[in-house]
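Participant: What follows is each chain in one-letter form.
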Amino acid sequence: MHQVVQAVILGLLIGGVYALMASGLTLVFGIMKVINVAQGALVILAAYLSYALFSHLHVDPFLSILIVTPAMFVLGVTVQLVFVRSLRGPDAPELSLLVTWALALGIEGVLSVIFNTTYRVSNPSYADRSWDLFGYQVSVVRAFAFLASAILLGLLSLLLTRSRFGRAVRATVQNPTAATLLGVDANRVQTLSFGLGVSLAAAAGAVYGVIYPFNPGSHYDLISRLLSIVVLGGLGSLGGAVVAALAMGVIQAVVAVEFSPTWSAFSFFVVLLTFLLLRPQGIFGVRERTL
Amino acid sequence: MSRATAATLGRGAAFTAVVGGFPFVVHAAWIVNIGVLTLMYAALATAWNLFSGYTGYITLGQAAFFGLGAYTLGIAFEHFGIGSGYNPFYALPLVGIGVAFASLPVAWIALRTRHMTFAIVTLTVLFVVQQLAFNLHSVTHGTTGLMLPTPSFAIGNYDRPFYLAMLAVLLLGLGICWVVLRSKLGLMLLAIREDEEKARGLGIRVTSAKLIAWWLSIALTAMVGGIWAYYLTFIYPESAVDPLVMIGAVLMTFLGGRGTLWGPTIGAMVLVPAQQYTLLQLGASQLYLVGYAAVFMVVLLLLPRGILPSLRSGLARLRERRRTKRPPVIREERAHA
Chain A
1 MHQVVQAVIL GLLIGGVYAL MASGLTLVFG IMKVINVAQG ALVILAAYLS YALFSHLHVD
61 PFLSILIVTP AMFVLGVTVQ LVFVRSLRGP DAPELSLLVT WALALGIEGV LSVIFNTTYR
121 VSNPSYADRS WDLFGYQVSV VRAFAFLASA ILLGLLSLLL TRSRFGRAVR ATVQNPTAAT
181 LLGVDANRVQ TLSFGLGVSL AAAAGAVYGV IYPFNPGSHY DLISRLLSIV VLGGLGSLGG
241 AVVAALAMGV IQAVVAVEFS PTWSAFSFFV VLLTFLLLRP QGIFGVRERT L
Chain B
1 MSRATAATLG RGAAFTAVVG GFPFVVHAAW IVNIGVLTLM YAALATAWNL FSGYTGYITL
61 GQAAFFGLGA YTLGIAFEHF GIGSGYNPFY ALPLVGIGVA FASLPVAWIA LRTRHMTFAI
121 VTLTVLFVVQ QLAFNLHSVT HGTTGLMLPT PSFAIGNYDR PFYLAMLAVL LLGLGICWVV
181 LRSKLGLMLL AIREDEEKAR GLGIRVTSAK LIAWWLSIAL TAMVGGIWAY YLTFIYPESA
241 VDPLVMIGAV LMTFLGGRGT LWGPTIGAMV LVPAQQYTLL QLGASQLYLV GYAAVFMVVL
301 LLLPRGILPS LRSGLARLRE RRRTKRPPVI REERAHA
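Chains as they are written, first to last, in my numbering: chain A, 1 to 291; chain B, 1 to 337.
Simulated from the structure, these hints should not be mistaken for lab results. Each hint should be verified, as a subset may be incorrect.
What follows is a list of derived Cβ distance ranges for each label pair [claimed, not checked]:
| no. | chain 1 | residue 1 | chain 2 | residue 2 | range |
| --- | --- | --- | --- | --- | --- |
| 1 | B | 155 | A | 58 | 53 to 61 Å |
| 2 | B | 281 | A | 157 | 46 to 54 Å |
| 3 | A | 85 | B | 277 | 30 to 38 Å |
| 4 | A | 58 | B | 143 | 30 to 38 Å |
| 5 | A | 261 | B | 155 | 56 to 64 Å |
| 6 | B | 94 | A | 261 | 42 to 50 Å |
| 7 | A | 274 | B | 156 | 31 to 39 Å |
| 8 | A | 119 | B | 94 | 19 to 27 Å |
| 9 | A | 81 | B | 137 | 46 to 54 Å |
| 10 | B | 277 | A | 260 | 51 to 59 Å |
| 11 | B | 90 | A | 258 | 56 to 64 Å |
| 12 | A | 121 | B | 183 | 36 to 44 Å |
A virtual CB, placed ideally from N, CA and C, is assigned to each residue, including glycine.
Okay, chain B solo, but in the shape it has when bound (with noise of 0.2 Å):
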C-alpha cells in the first residue's frame, strides 16, 4: 500500500468515527435533524461531483433523479409493502439502481449535445419530472402529495437511523468516487473534461465512460432521494422535484472544490448548518432566498476554484516557502514592518 493510499484510507476511518459516533454521543433531535440533512447534501454533492466534476459537463436535472428516488420508494410502500423499520433501507439499492437504468436513454440523448445544450437538456428533464409528477395522479397522487407510512422508530432517538443511513450512501459515494478517480475511467473521465475531441482522438470511447459515471452518479441521488422520502413520510411535486436541492448541491461542490474526492463534503458540512441557522432565524420571510443567492455569488466570483484546490495550493506555495531558507534581510525588513 503507498503512502497515499494509507493517508486516504485513514482520513476515511478517521471520518466515519467521528461522524458516525456523532449521533450516539449527542441526543438532541434538532441538532441530529441538521446531521441527516448535512449527509444528505453531501451525498448529493459527492453524487454530483462524481459526474459532473469529472467530466465537466455540468447536469441540473439531478434533483428528478433524486424526485424519482422520493416517489419510486413511496409508490413501493403503496404497492408491495416493504415493510417497517430498518427493511425499506434494504430496499434502497435497488431504487438506485433501477432509476439509474431508467434514466440511460435520456441521458443518452442529452450527451449528444454538448457542454451548455447538455445542461439546459438536463434542466429540461427536472421540469419533465415535476409535470410528471403533477400529472400522474394515479400513481404520484398530483398535488394531493404521497404519504408513507411512519417509521416505527424509538421517538428518542428517532433521526440515528436516517443519519446512519445518509451516512452509508456518503461513504459508498466517496469510496466509489475514489475507486473510479484511481482507475482507468478516472482517466478517461479526466481526459474527457480537459479535451474531449482529443480524447475521442486517442480511441477513448467517451459516450461509455460519461454513461457509466452518470449511471453511479444518478444511483447515488435516487438512493438519497428514497431515504429522504421515508425520513419524511410526505412527499408532493415541489419538495420532491425541487431545483433548489439541486442548486445548493451544487453550490457545495463549488465551495468545497469540483473534482476533488472531499471537496463536496467540506462544501456542505460549511453550508448546511450555516443554511440551518439562517432558515431557523429568518424562517417566516423570503429573505432567506435573498441570503442564499448572495452567498452563491460571493463563492463563484471569489473561490470559483473551491476551499479544498485553494488550500492545497496555499499549503504547497507554504511548504516552498519554508524548503528555500530566506536571507536574514528579508525577515529583519518584515520585523520592521
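The shape of chain A in the complex, shown without the other chains (with noise of 0.2 Å):
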C-alpha cells in the first residue's frame, strides 16, 4: 500500500509537467485545428536551450523559464507565419500534421549537429534533495516542477478566462466563423495561440530537462506521450488534458512499481484503446465531425 501511495504521488507530480504540454497542443487545435506534432521535440528544444543556459551561465533552471519562454514565444509565432498559415483548403489540417512534423525532424536534425546524441542532464545543487512529507519521498526538483507546471496552468487559465484575448480565443474556439464575425482577428488570434502554445512546450521543456535525461531523440517518446493525453482527454479541451495527463503520470507510476517498469508506458496506451473503443471523442471531447 505504502508503494502504491508513493507511486500516485510520483505520478501526480510527473502527469503535471505532461499536463502542461499537453495545454499547448489541445489549446492550439482548438482554436486552428492543427496538430502540432513538433510540439514534442519543440520541448526538448526548450530543455537544451535552459540547459546551455545552465551550464554556461549559472543560470537557474526554474529561473531559465522566464528567458526561454518569451525567446519560444517568438519562434512559434515565426513559424506560425511561415509554415502554417500559407496551408489552405480543405485538407490544411491534415497537411498541418505533415508539415509540423517535418519541423519537428528539422529541430532533431539541428540539435543533433549542434549538441550530438549524448544524453543530458540539468543538474542543479538541489538535484538530488527530497522531502519527507508522512513518510513518503517527495523529491525537490519534482515538486519543483509540479508547482512550477500548476502555476503556469492557473495563469493560462487565468489569462483564458479573465483578458480580451482569452475572450477571443474562446469565442474562436466555439465558432471560428462568428468571431469573425463579431470582429475578431482570426488571423491574430491563431499567430498568438499558436506563439502561446509552443511558450507552454518551452516552460514545460525547461522543466522537464531537470527531472529526466534528454537528447535529441527523445522528441518521439514525448510526442507519442503527448498526443495520447490529447485524444484521451478529447481534442480541443484543456480541461481533458490536465485530467488526462494526471491520469497516464498516475497509471504508469502504479504499473511501473506493481508491475515491471518496461511495461509502464505500454499500459497508458492500452488504456486508451480500450477508452477510445467506449468513447471515441475523449473524456471531455464533441464528437468530430466531417464538414
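Hints in hand, dock the two standalone chains.
Facilitator: Structure, rendered in C-alpha cells:
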C-alpha cells in the first residue's frame, strides 16, 4: 500500500508537467485544427536552451523559464507565420500534421548537429534532495516541477477567462465564423495562440530538462505520450488534457512499481485504446464531424 | 478494351520491362542496392496511398505493420525453418495476410474516430508495436535484435532477388490500386473522401469499405517489411518500426500525387536516389535529417497537390491553348517581349 501511494504521488507530480506540455497542444488544436507534432521537439529544444543557460551562465533551470518562454514565443509566432498559415483548403489540417512533423525532424537534426546525441540533464545543486512527507519521499525538483506547471496552468486559465485576448480565443474555439463576424481578428488570434502553445512547451521543456535526461531523439517518446493525452482528454479540451495527463502519470507510476517498469508506457496506450472503444471523442471531447 | 485501359496496361508493361530489366544490365551492387530501396519505398508509398490517398484518412502508423511483417518473417525463420534461397519469398503472402487480419481489430477501433484523431491513434499504434518489440524479449530478443540466416545467393548478384521481390510487390500493389480505382469500391472510397456523412446517407457501408482498403494496404506493407528483413538479415525495434520509414513513404506520395495510380512510384523514384546520395555525402552527421525536413517542407508548401496532378493540369491547359487559335497580334507581342 505504501508503495502504491508513493507511486501515485510520483505519478501526479510527473503528470503535472505533461499537463503543461499537452495544454499547449490541445489549445492550438482547439483554435486552428492544427496538431502540432513538433510540440515534443519544441519541448526538447527548450530543455537544451535551459541546459545551455545553466551550464554556461549558471542560470537556475527554473528561473530560465523566464528567459526561454518569451524566446520560444517568438519562435512559435514565426513558425505559424512562415509554415502553418500558408496551408489552405480542405486538406489543411492533415497537411499541417505533416508540416509540423517535418519541423520536428528539422529541430531534431539541428539539435543533433549542435549537441550530438549524448544524453544531458540539468543538474542544479538541489537535484538529489528530497522531502519527507508523512513517511513518503518527495523529490525537491519534482515538487518544484509540479508547482511551476500548476502555476503556469493557473496563469493560462486566468489569461483565457479574464483577458480580452482570452475571450477572443474562446470565441474562436466555439465558432470561428461567428467570432470573425463579431470583429475578432482570426489571423491574429491564431498566430498569438500558436506562439502561446509553443511557449507552454518551452516552459515545460525547461522543467523537463531537470527531471529527465534527454537527447535530440527524445521527442518521439514525448510526442507519442502527448498525443495520447490530448486524444484521451478530448481534442481541444484543456480540462481533458489536464485530467488525462494526471491519469497517465498515475497509471504509469503504479504499473511501474506493481508490475514492471518496462510495461509502464505500454499500459497507458492500452488504457487509451480501450477508452476510445467506449468513447471515441475522449473524456471531454465533442464528436468530430466531417464538414 | 477501352483506350484508357490499353494505355494503362501499356504503361505497366513498359514499366515492368524497363525496371525489371535494369538489374540484368547494371551489375554494380551499390546501384542495385539503391534500386531495392527505391522499389521498397515505391511499394510502401503505393500501399499508403491505397488507404490514405483514396479515403483521405491519413494513417501515420504504417511503420508498425512494416515492422510486424519484418518480425513475423524473422520469427518464422527462427521457429519453423522456412528454408533458404528463394523459398522464404513464397511465405510472404502468408505474412501479409496474417498481419493484415491481425491489424483489423485495431483498425476498427481507430476508425471509430474521425480524421485528426484517427491520424493520432494510428501514430499511437506505431509506438505500441515498437514497445512490444522491445518488451516481448522471448520472441523478438528486444534490443539485442533478431538475426535472420544469411540468404544463399551468389555474391555477384546478391541484391537482384530482393530487387525482383520488391518489384513484384510493387506491381501487385499497382495492380490492386488499378482494379480498386475502376471498381465500385474505388467509387465508395472517393465518396468517403469527399463527404463521409453524405456517403453514409447514400447507403454506402463506409466502415466496411475503409476496412477493405486498410486490409489491402496493410497486407502489402507487411510483405515489404518481410522482404526488407530478409535483405538486411538483422532487425531491431528502432530499425524495424521506424517513424522515418513511414514519413518517407508519405512524403513520396505527396510529392508524386495523392490518390493517383503512379504518383507514389514517381515520388519514390525522385526522392530515394536523392536521399541515398545525400546520406552518402553527409552520412556521418545528422545533417541529412535537416535536409530531409527541408525537402519535406518545400514539397508540402509549394507542391501540395504533387507532381502528377500539377503536370496533368498543366498539360490540359497547354492542349487547351493549342486548340483555341490565338490571334496573330499576341504572337507578335510575344516575339517582341
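Participant: Against each hint, give a clear statement of whether it holds in the structure.
Facilitator: Hints versus structure:
1. Roughly 59 Å separates the CB atoms of residue 155 (chain B) and residue 58 (chain A), a value that falls within the hinted 53 to 61 Å.
2. At roughly 50 Å, the beta-carbon separation of residue 281 (chain B) and residue 157 (chain A) lies within the given 46 to 54 Å, and the hint holds.
3. The supplied range of 30 to 38 Å is met by residue 85 (chain A) and residue 277 (chain B), whose beta-carbon atoms lie about 33 Å from each other.
4. Here the CB-CB span from residue 58 (chain A) to residue 143 (chain B) is close to 37 Å, well matched to the stated 30 to 38 Å.
5. A hinted range of 56 to 64 Å is violated for the C-beta pair residue 261 (chain A) and residue 155 (chain B), which are about 45 Å apart.
6. Range check, residue 94 (chain B) to residue 261 (chain A): about 36 Å between beta-carbon atoms, so the 42 to 50 Å window is missed.
7. A beta carbon spacing of about 53 Å between residue 274 (chain A) and residue 156 (chain B) contradicts the range 31 to 39 Å that was offered as a hint.
8. Roughly 41 Å separates the CB atoms of residue 119 (chain A) and residue 94 (chain B), a value that falls outside the hinted 19 to 27 Å.
9. Taking 46 to 54 Å as the suggested C-beta distance range, the pair residue 81 (chain A) and residue 137 (chain B) conforms, at roughly 48 Å.
10. For the pair residue 277 (chain B) and residue 260 (chain A), the beta carbons lie near 44 Å from each other, so the given range of 51 to 59 Å is not met.
11. A hinted range of 56 to 64 Å for the beta carbons of residue 90 (chain B) and residue 258 (chain A) is inconsistent with their spacing of about 46 Å.
12. The hinted range of 36 to 44 Å is not satisfied by residue 121 (chain A) and residue 183 (chain B), whose Cβ atoms lie roughly 56 Å apart.
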